[in-house]
Each structure stands twice: as structure tokens, then as C-alpha cells.
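Protein chains in written order, with our numbering: chain C, 2 to 353; chain F, 354 to 508.
Among these hints, one or two may not hold up.
Taking lysine to aspartate or glutamate and the EDC-like style, the derived pairs with C-alpha atoms no more than 20 angstroms apart in a straight line are [unchecked claim]:
id: 1; chain 1: C; residue 1: Lys309; chain 2: C; residue 2: Asp233
id: 2; chain 1: F; residue 1: Lys367; chain 2: C; residue 2: Asp205
id: 3; chain 1: F; residue 1: Lys379; chain 2: C; residue 2: Asp233
id: 4; chain 1: F; residue 1: Lys468; chain 2: C; residue 2: Asp200
id: 5; chain 1: F; residue 1: Lys362; chain 2: C; residue 2: Asp200
Cβ pair distances, simulated, as ranges [said to hold, decoys possible]:
id: 6; chain 1: C; residue 1: Leu10; chain 2: F; residue 2: Ala492; range: 38 to 46 angstroms
id: 7; chain 1: C; residue 1: Ile94; chain 2: F; residue 2: Ser397; range: 19 to 27 angstroms
id: 8; chain 1: F; residue 1: Tyr472; chain 2: C; residue 2: Asp102; range: 47 to 55 angstroms
id: 9; chain 1: C; residue 1: Gly51; chain 2: F; residue 2: Ala418; range: 44 to 52 angstroms
id: 10; chain 1: F; residue 1: Lys468; chain 2: C; residue 2: Thr78; range: 49 to 57 angstroms
id: 11; chain 1: C; residue 1: Leu49; chain 2: F; residue 2: Leu500; range: 44 to 52 angstroms
None of these hints come from the bench; they were simulated from the model. Backbone N, C-alpha and C define an ideal beta-carbon position, used for all residues, glycine too.
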Amino acid sequence: MKARKKVGLQSMVFSRPVAILSSAACVGPLEGAGPLQGSFDVVYPDLLIGAKSWEAAETTMIKEAVEIALGKGSLSTQSVDYLLAGDLLNQCIAANFAARDLGIPMLGLYGACSTMAESAGLGAVLIDGGFAQYTVAAASSHNATSERQYRYPTEYGGQRPPYSQHTVTAAGALLLSNGLHCQSPMPRITHFTVGKVCDLGIKDPFDMGSAMAPAAADTLLRHFADLALAADHYDLVVTGDLAYVGHAILKELLHQSNLDLGSRLNDCGLMIYDRHEQPVFAGGSGCGSSAAVLCGYLLDMLSSYTIKRLLLVGTGALLSPVTYQQGETIPCVAHAVAIEMCHDHLADEELR
Amino acid sequence: MVGSKARKKQLQRKDYQQLSAQKRLKIPVWRNTLVAFVVGGLVSVLGQGLIFFYIWLGFKEEQAASPMVATLILIASILTGLGVWDYLGQFAGAGVGVPVTGFANSIVSSAIEFKREGYILGVGGRMFQLAGPVIVYGAVTAFVVGLIHALVQWL
Chain C
2 MKARKKVGLQ SMVFSRPVAI LSSAACVGPL EGAGPLQGSF DVVYPDLLIG
52 AKSWEAAETT MIKEAVEIAL GKGSLSTQSV DYLLAGDLLN QCIAANFAAR
102 DLGIPMLGLY GACSTMAESA GLGAVLIDGG FAQYTVAAAS SHNATSERQY
152 RYPTEYGGQR PPYSQHTVTA AGALLLSNGL HCQSPMPRIT HFTVGKVCDL
202 GIKDPFDMGS AMAPAAADTL LRHFADLALA ADHYDLVVTG DLAYVGHAIL
252 KELLHQSNLD LGSRLNDCGL MIYDRHEQPV FAGGSGCGSS AAVLCGYLLD
302 MLSSYTIKRL LLVGTGALLS PVTYQQGETI PCVAHAVAIE MCHDHLADEE
352 LR
Chain F
354 MVGSKARKKQ LQRKDYQQLS AQKRLKIPVW RNTLVAFVVG GLVSVLGQGL
404 IFFYIWLGFK EEQAASPMVA TLILIASILT GLGVWDYLGQ FAGAGVGVPV
454 TGFANSIVSS AIEFKREGYI LGVGGRMFQL AGPVIVYGAV TAFVVGLIHA
504 LVQWL
């Protein structure tokens with residue numbers, strides 16, 4: 002039997018767009034002082050958040066994001082069918098340890114920095130497939146946990162190149178539901194395009210923007226081709242964490258393929274910081290980049306009708322310290338989630 | 354057929370690496386070199402000042418170097434502990450990284466970072482994670498130089 006809800010080569014279309022009932026974004030001090038301040042639910046005053054280790058701090062952050070999203074949707078943890086969450090750490094410890102306390106059936110995901118798009122897309126799949134009524138999609142990253150795992154101890158005084166990126170300290174959570182009872186328009190996930198792993202031979206672990214840009218371009222082009230969309234279909238197309246270098250390359254790659262998005266194309270890693278005023282080099286990176294910008298700023302923009310259609314392209318560099326020390330290049334992946342401010346089309350028809 | 358496909362892929366990769374190199378923000382090599390030179394020089398001046406200070410305290414000239422090195426290590430370690438050194442390292446690069454101060458920072462930062470894994474496996478096991486290569490190849494170099502020295506004397 003042909004897959005009914007699949008279009009083109011890599012895209013899924015949800016028969017009933019999945020509603021985003023509520024969202025929450027919890028961020029660290031640097032993110033809270035950036036250009037998007039005011040769009041986050043919690044801004045922590047320091048990186049340790051009263052925990053005894055960086056890892057415990059990240060766990061607290063993602064747990065709090067999930068709890069706040071549930072609180073906004075007036076749901077208890079018991080009523081959520083599945084939690085889909087992930088982070089950057091080995092064995093996804095932040096998300097898994099948060100799930101231990103939350104007690105929601107858990108699917109741990111690893112898509113590096115693309116995890117927010119991956120969890121949102123899969124959370125929507127479970128709902129549209131009829132396997133769940135409520136799912137929570139979440140992702141997090143923490144500057145200090147990533148530094149220590151991928152690079153150097155946090156207080157090490159090495160000089161970083163200007164094209165490197167600052168790992169965002171943030172967690173985001175989305176509460177998803179079929180939203181059948183809701184007549185009012187709300188942000189709904191309409192499509193999900195799963196990306197292929199791309200690798201064009203970038204080896205420098207500081208240059209992740211360059212490494213990830215081809216994956217972002219591949220998924221974007223595939224999404225527009227699968228759904229036969231015009232370049233102006235989305236009001237905003239945001240990538241997860243390409244930052245200055247990757248964003249410039251992506252523009253060039255899309256231009257070469259005749260998809261000119263112009264000012265509709267932006268990047269969460271560029272939006273979350275003021276690159277000229279804050280010490281973040283080329284911009285932000287990490288799951289928290291797309292998670293916090295989506296769950297805070299972007300959903301606010303949708304809810305206030307500033308934009309109507311949004312495409313989030315989560316971009317992940319699938320490297321580990323072992324692979325780059327062994328001289329391997331950096332494979333990358335990107336997943337696209339389309340979110341639109343709309344009604345439940347089918348509910349109208351059923352009523353009639 | 355397979356060969357031409359692989360070659361096409363290699364070409365694509367080469368093109369892409371050129372594009373990436375072109376778009377990548379450039380490392381300010383001249384600025385970094387100049388700052389490293391000046392700051393590195395200042396660290397050395399500080400070291401010389403400390404030698405004079407220890408001679409004034411009554412150390413012999415050839416003995417004053419050891420307390421001078423210990424003092425520089427102490428300063429770098431305290432600044433690392435206070436969370437200031439990483440900013441200094443970003444600003445001055447090799448200027449503070451190459452002198453003994455950088456060595457101290459690499460050990461102290463590792464010790465702080467891994468203390469949460471305990472004193473044995475954390476601090477003890479991983480303190481020299483970054484300094485290890487310096488110690489290993491420092492010792493190897495010293496051995497080779499010592500060997501040459503001995504050979505030259507013997508001849």
C-alpha cells in the first residue's frame with residue numbers, strides 16, 4: 002500500500018495539522034540579555050542554575066521547560082502520552098534524566114542541533130497517526146556541558162577562531178495535540194521533511210556553519226520540491242544554528258539552485274544573539290538555539306499574526322570528539338517542520 | 354561509471370571547500386600575532402621583575418628563577434579559578450598560552466572542570482588531559498637534546 006501521508010521523496014503531510022497548544026523556552030543569562038529578550042519564559046541568572054554540575058543544570062532547564070509548557074496547556078504529566086526529547090550530550094543525559102523526574106513515557110532522540118525539529122516532527126507524526134492525543138517535544142543545550150564534552154574545560158584559555166560559534170544555553174518544549182476541539186486558529190504543524198545526512202568534507206570542528214549548510218540546503222530544496230511550493234510560500238524560513246558563516250553559504254547554495262528566499266531566510270543562531278555586542282563569534286549553535294527561538298519568539302510571531310507560515314529547518318552536525326580526532330569529516334543533517342497559523346480544516350467540514 | 358561518480362563527488366567537495374573558505378570569517382592573524390608578541394613580552398617583563406624581587410629578598414641569581422616560575426603559575430592559577438583567564442586567553446592567545454602561565458591554566462582549568470567526577474578519577478585522572486602532551490613531548494625533547502649534548506661532549 003502506498004504511504005498516504007507521504008509526498009514527494011522525503012516529506013510528510015499531516016491530514017489534520019497538529020496543533021501546538023503551548024510552548025516554553027528557558028534560557029541562560031547571555032541569551033536572556035540578547036535581542037530576543039522578553040520572548041522567553043524563564044531567564045536564569047547564571048549557568049549553574051543552583052545545581053551541583055553543568056549536566057544537572059541542563060537537566061533542570063529542560064525539565065522546567067516541559068513543566069511550564071504543560072502548565073500553560075493546563076495539563077498534568079499523566080495526561081501526556083509521550084515525551085520526545087534530546088540534547089547534545091553523550092547518552093542524551095539531560096533529556097533522559099529530566100524524563101526520569103517527569104514520569105512521561107519517553108523517546109530519547111539524537112539529531113545533534115536538529116533535535117528540536119526532529120522531536121516536533123515526530124511528535125506530530127504520533128498524533129496524526131492516531132497513536133497519541135498529547136505529546137511533548139523538547140530539546141536543550143548548555144554552553145558549559147557542550148564545551149567540556151566537545152572542546153575544552155570551560156575555564157581553558159584557548160583562543161577561538163572568529164568563525165566558531167557559541168553554544169546556546171537554552172531549552173524549549175512544545176505541547177502538541179490534535180486540537181480537534183479548538184476552533185480558534187492556532188499554530189499547527191502541517192508538514193515534516195526528513196533530511197539526508199550530507200557531508201561535503203569539512204573537518205574543522207569549529208567551522209560547523211560550513212559543515213551544516215549543505216544539509217540545510219538539501220533539505221530545504223527537497224521540501225520545496227516535494228510540496229511544489231513557490232519561494233514566497235513561507236513568510237519566514239529559519240535554520241537552526243548556521244550562524245554568520247553557514248547562513249552566508251546557505252544563501253549562496255540556494256541561489257545556485259534558483260531558490261531565492263531573500264529576506265525571508267534567517268537563522269536562529271543569528272537571531273538569538275547580537276553578534277557585534279555579545280562575545281559569541283559567528284553566532285549561536287546547539288539544540289537550544291532553534292528550541293528557544295521557536296518556542297519563544299517565533300511562536301509569538303505566529304500567534305500575533307506577524308507571520309502566517311513558518312518553516313523551521315533544524316540543522317545538526319553529527320560529529321563527536323572521537324571522530325574529529327580520528328580525522329573524520331563532519332556529517333550533518335537537517336529536518337524541516339512547517340508551521341502555519343490555521344484552523345483545523347477537517348473540523349469545519351465535519352461540522353457541515 | 355562508479356569511478357566517474359566518485360570523481361564527481363570529489364569535485365563537488367573541492368568546490369564546496371573553496372566556497373566555505375571564501376565565506377569563512379578570517380582569523381585576524383596579524384592582530385593576534387601582534388597582541389601575542391606584546392602580551393607575551395609583558396609576561397616576560399613581569400617574570401624578570403619577579404627575579405629582581407627574589408634577588409632583592411636574598412635569593413642567589415641562579416636560584417631566583419624557580420620562585421619566579423612558581424609565582425607566575427600561582428597568578429595564572431588564581432586568575433583561572435576566578436574565571437578571568439579564559440577572557441585573557443581569548444584576547445592574547447599565544448601571548449599568555451605559550452609561557453608557563455598557559456601550562457598552569459590548562460592544568461587548573463581541567464582540575465576545576467573534572468572535580469565533579471571526584472578527586473581520584475576526576476581531578477587526579479584528568480588534570481593533565483591538556484597538559485599531558487606538553488609533558489610527554491617535553492620529556493622526549495629533553496631526552497633527545499640530552500643525548501646530543503652527551504654525544505658532542507664524548508666526541
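Outcome of the hint check:
For the proposed pair C:Lys309 and C:Asp233, the alpha carbon gap of about 12 angstroms is at most 20 angstroms, so the pair holds. Of the supplied pair hints, the one linking F:Lys367 and C:Asp205 holds, its CA atoms being roughly 15 angstroms apart against a limit of 20 angstroms. At most 20 angstroms may separate the alpha-carbon atoms for a hinted pair to count; F:Lys379 and C:Asp233 exceed this at roughly 33 angstroms. Taken as a hint, the F:Lys468 and C:Asp200 pair is broken in the structure, with Cα atoms around 37 angstroms apart against an allowance of 20 angstroms.
Restraint check for F:Lys362 and C:Asp200: the C-alpha separation of about 10 angstroms stays at or below 20 angstroms, so the hint holds. The supplied range of 38 to 46 angstroms is broken by C:Leu10 and F:Ala492, whose beta-carbon atoms lie about 57 angstroms from each other. The beta-carbon spacing between C:Ile94 and F:Ser397, approximately 44 angstroms, falls outside the hinted interval of 19 to 27 angstroms. The given range of 47 to 55 angstroms is broken by F:Tyr472 and C:Asp102, whose C-beta atoms sit roughly 28 angstroms from each other.
Separation of C:Gly51 from F:Ala418 is about 45 angstroms and conforms to the stated range, judged on CB atoms against 44 to 52 angstroms. The hint said 49 to 57 angstroms for the Cβ distance between F:Lys468 and C:Thr78, and at roughly 34 angstroms that hint is violated. Taking 44 to 52 angstroms as the suggested C-beta distance range, the pair C:Leu49 and F:Leu500 conforms, at roughly 50 angstroms.
Consistency note: the structure conflicts with the earlier hints numbered 3, 4, 6, 7, 8 and 10.
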